[in-house]
Amino acid sequence: MSTSIDLGLAPPGRPRRLKGPLTAWGNLLVLAWLAVAVTLLVTHDALGLPAWLALHAFLLGAVTNAIIVWSEHFVAALCRAPSPPERRMALGLAVLNASVLLVLLGVLLDVHWLAGTGATGVSVLATVHAWHLLRTRRRALAGSYAYLTAYYAAASASLAVGGVFGGALTAGGLGGYGRMWGAHVHLTLLGWLGLSVLGTLFTLWPTALRVHMPDGSVRTARRCLPVLLAGLALAATGFAVAVTQLAVAGLVLYAAATAVCLAPFATALLRTRPARSAPWLLAAATGWLLVALGAESVWLAAGTPVSTVVDRLLPMVVVGFGAQILVGALTQLLPAVLGRGPAEHKRVAAVLDRLWLPRLVAANAAVPLVVLGLPGPWPLLGWALAAGAFGGFAVLALSVAAPVAVHGALPAPRQGGGSLAGVALGAAATLVAAGFAVSGGTGGPAPDGPVRTVDVELAAMRVSPAVITVAEGTHLMLRVTNADAMPHDLRLAGGAHTSRLSQGETELLDAGVIDGELTGWCTIAGHRAAGMTMTIRTGESPPSTQDDAVHGVAQPRNAALAPAPRGTVHRVRLRVTEREIEIAPGRHERRWTFGGTVPGPVLRGRVGDRFEITLVNDGTVGHSIDFHAGALAPNEPMRTIEPGQRLVYRFTATRAGAWLYHCSTMPMSQHIANGMYGAVIIDPPRLPPVDREYLLVGGELYGGAPGSDAQVSRIVQGRPDGWHFNGAAGQYDHAPLPARTGERVRFWVVNAGPGGTLSFHVVGGQFDTVYKEGAWLLRPGAAGGAQTLDLAAAQGGFAELTFPEPGRYPFVDHDMRHAEGGAHGIVAVTR
Amino acid sequence: MIDVWTLVRFVHVVGAALWVGGQLTLTAVVLPPVRALLGLEQRATLLRSVGRRFAVVTMAVLLPSQIATGWLLAWRHGVTWQSLAEPGYGRVLVAKLTLFALVMAATSVHGIAQGKGRPRLARTASVAALTGSLGVVLLATGLVGG
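Heads up: the protein sequence lines correspond to chains S and H, in order. Our numbering puts the first residue of the first sequence at -1, with every later residue one more than the last. Our numbering puts the first residue of the second sequence at 815, with every later residue one more than the last.
Simulated from the structure, these hints should not be mistaken for lab results. Remember, predicted model here, so these are calculated numbers, not experimental data. Mixed in with the good hints there might be a few duds.
If the Cβ cut is set under 7 angstroms, some of the chain S residues that face chain H in the computed set are [to be verified]:
| id | residue |
| --- | --- |
| 1 | Pro82 |
| 2 | Trp297 |
| 3 | Ala400 |
| 4 | Val404 |
| 5 | Gly416 |
| 6 | Ala419 |
| 7 | Leu423 |
| 8 | Gly424 |
| 9 | Thr428 |
| 10 | Thr638 |
| 11 | Gly642 |
| 12 | Ala817 |
Okay, the calculated beta carbon distance ranges per label pair [unchecked claim]:
| id | chain 1 | residue 1 | chain 2 | residue 2 | range |
| --- | --- | --- | --- | --- | --- |
| 13 | H | Val848 | S | Thr612 | 50 to 60 angstroms |
| 14 | S | Thr533 | H | Gly902 | 48 to 58 angstroms |
| 15 | H | Trp819 | S | Thr517 | 38 to 48 angstroms |
| 16 | S | Gly606 | H | Trp885 | 33 to 43 angstroms |
| 17 | S | Ala334 | H | Gly853 | 50 to 60 angstroms |
| 18 | S | Asp213 | H | Gly853 | 52 to 62 angstroms |
| 19 | H | Val848 | S | Thr265 | 54 to 64 angstroms |
| 20 | H | Gly902 | S | Arg338 | 46 to 56 angstroms |
| 21 | S | Arg338 | H | Val848 | 21 to 31 angstroms |
| 22 | H | Gly836 | S | Ala293 | 51 to 61 angstroms |
| 23 | H | Val848 | S | Arg274 | 18 to 28 angstroms |
We treat Cβ as the ideally placed atom computed from N, Cα and C, and that holds for glycine.
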């Protein structure tokens, strides 16, 4: 039988050997890393791994291996220098890949010394590589390509320095995380990747276009390198010392030199218009590099913070430039390495060019989708396109590289093969199935227990508060806001986590029921080491004194209203759950809730803020939500979703006011009466600060099981069992709202209904400020005063007053039937 | 505790192990030496009879037993048609069953392609079925895990 279809084991008795050349093995490593990176890109969210991992599997794994392997190859081939012994190359690649694994594992497991050792390994290897290249240069026979070794050596030196910064970042950045990060990103991407690519392109693009290298190319190459290096050094220094002008000057210099290097390529490409993928991939990639450099310079010059700019543009450089240049170069170069003779070259090239146009279009359509910060599913679609384009190439290339590396030759035409496609098909089906399986959350019962919401701010490498103490059994919600220019997230040891939050974004994180100590941290590489950690402790004894149990509500809702978070985008996940709620002292009823409380969580922002609410129905009947604070066509966002479904409701708050939100599923009276409402506070522009702000959402109480005949008939007849402020009758009698004499106190009031009026009055007090339904009815300094803030169902506003002397001031709904039926509380004023 | 349900679960797990293990053994252990050592004629005869036997065992024993025991286990778990759509156990089960159906389809494609003399397609289908079977086991692990 023919040996070329010998796909498996050698005949018994002979030791098994790996037959392929080292270059094939090196490229197999590159492709394997690429496949790992794409897999991580697709699965990191479901597996709870940071996106950083996919990024570095690609850059540190695939790209770095490719540059090492191909720079040795080109230096040997073009400069006619002796190739290094295979064993030394193999050792180098082994050390490199072991170091990369250490870095990835170290960051993943949060073990600094492991990541640090890996980063040191990469830096040492880069130094050795640079030294080896420079030594080769002296020994080389052909002088005209000497510029190539200079480019590669400079690139290696950049990696050596960038790697040191990277190692420092994994250990927390030694107090200069932001500056080191900027330097690290630019040294590795513009230095290591950029210089290697530009140096190679002088010879690669003429080969790809099958034209002669233009006269003067070598001279251009020689002249551009110092400019590129000066630009890179300026930029890296600028970022490291946080002098933006210096960084911008460096970037402009680098971009100008890059454009000079690439101009002949662009003209030649447009003249020849080849029908193969490699030249177009190379051109598109370098195009994105120039766009990114231009955008970064302009954006930084406009005064945008470095971390915002770099974070936004990073996908453009990584996907648009890095991934495309790698795929383009491999498409051009692999046939010669993997095939023996022209026929095999053609076969490999045909495999690598399969579906090249859709892949090219997908890759380049992906870039704007992931970079532009579009809403909704667009970024996701962009990442899916990128994963498809580059994952597709990895599969195609592996199908030819693996047999050559393992068996030393391609399988004969129309023999063997097909395994890789099978693995890809099976794995893809499994991925889709697993994705569906884990969709919609865990489906477990909603945790019971009192709910407490705590505001958490991420800024300046700190999580504040760093320690949260709650009573054991508390169901804790964290309202997490990123107040930093740099992106952050928060992950709890239990697995709950926010998405990656850009500056100003807020997300509600359900920490679940706290029954022991729980730690939390930011998962961005190095941020945890820099100190972005928090601890949730159980400490407070459960607040169930006998007095409360008899006379008051066990867990009065905190009526104090926190200021609007600093951000302009508010992302909130609202889970509809059913639970027992104490609606009056000692009386528990099953209620339908937004987020486990009645009223639901309060949202506060300013005019112009965007709100993005994900509503998840974990109840037993259909529900929906209607935000009065946004104006939009109700058809889609206010639709009813069945149990297990979710919807996303987006609105921009264009007008100030105290707005109601409520379930809008029919019959609405029942859904509202059973607890499905809450408030959105949009501050009027230039709202003066006050000493204290309270929020009271009032309305009618109907006892009995939701939907029971008794309850429904009372709702229909408008005969409530009682009235409430913030979900429970009389809850502030035994937990009075504190204030001091002379302090200005602002009461925000919203009437949730479902029916009836609310006439808010403070016994013994006079309002000097009244704001109702978007209008100032009374301002301080006027001669008159106000005794009530009157609200029909679903109206809202605020009233302000100062208390003249210490004492206990009851606040009531001055429809006295309501006050006596539970709509009352106490303000305890002290000196 | 060991009761009749232990037996049902045992049969279900052993069936899955035999089926996935059988495919894995054939692909990774039997096929390579067969390709290396036997001539084209002998190889085809051997592989055809092995494939046919595996198909018969699958259709006659493994598939009915897996469906029967799986049905019983689902019933014991209180799975209803409605609960299949719910997040959690129901969805994982649906995903597993769908993937299993796809694997069965791929296996059929393998058999048909083999019969029509299209080795490449047959190989793709068989490897896809094997990979998908591992996916089925992965999802099954998700069903019994905490």
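Here's how the hints hold up against the structure:
1. Pro82: violated, 34 angstroms
2. Trp297: violated, 41 angstroms
3. Ala400: violated, 13 angstroms
4. Val404: Violated: closest Cβ of chain H sits about 12 angstroms from Val404 (chain S), beyond 7 angstroms.
5. Gly416: holds, 4 angstroms
6. Ala419: holds, 5 angstroms
7. Leu423: holds, 4 angstroms
8. Gly424: holds, 2 angstroms
9. Thr428: holds, 3 angstroms
10. Thr638: Interface hint status for Thr638 (chain S): violated (16 angstroms vs cutoff 7 angstroms).
11. Gly642: holds, 5 angstroms
12. Ala817: At about 44 angstroms, which exceeds the 7 angstroms cut-off, the nearest Cβ of chain H leaves the hint on Ala817 (chain S) violated.
13. H:Val848 x S:Thr612: 50 to 60 angstroms: The hint (50 to 60 angstroms, Cβ to Cβ) holds, given that Val848 (chain H) and Thr612 (chain S) are roughly 54 angstroms apart.
14. S:Thr533 x H:Gly902: 48 to 58 angstroms: Given about 30 angstroms between the Cβ atoms, the range is violated.
15. H:Trp819 x S:Thr517: 38 to 48 angstroms: With a Cβ separation near 39 angstroms, Trp819 (chain H) and Thr517 (chain S) satisfy 38 to 48 angstroms, so the hint holds.
16. S:Gly606 x H:Trp885: 33 to 43 angstroms: For Gly606 (chain S) and Trp885 (chain H) the Cβ distance comes to about 57 angstroms; the hint is violated.
17. S:Ala334 x H:Gly853: 50 to 60 angstroms: Because 35 angstroms falls outside the window, the suggested range is violated.
18. S:Asp213 x H:Gly853: 52 to 62 angstroms: Holds - the Cβ-Cβ distance for Asp213 (chain S) and Gly853 (chain H), about 60 angstroms, lies within 52 to 62 angstroms.
19. H:Val848 x S:Thr265: 54 to 64 angstroms: holds, 57 angstroms
20. H:Gly902 x S:Arg338: 46 to 56 angstroms: holds, 55 angstroms
21. S:Arg338 x H:Val848: 21 to 31 angstroms: holds, 27 angstroms
22. H:Gly836 x S:Ala293: 51 to 61 angstroms: Given a distance of about 56 angstroms, which is inside 51 to 61 angstroms, the answer is holds.
23. H:Val848 x S:Arg274: 18 to 28 angstroms: violated, 40 angstroms
The structure is inconsistent with the numbered hints 1, 2, 3, 4, 10, 12, 14, 16, 17 and 23, although it conforms to all the rest.
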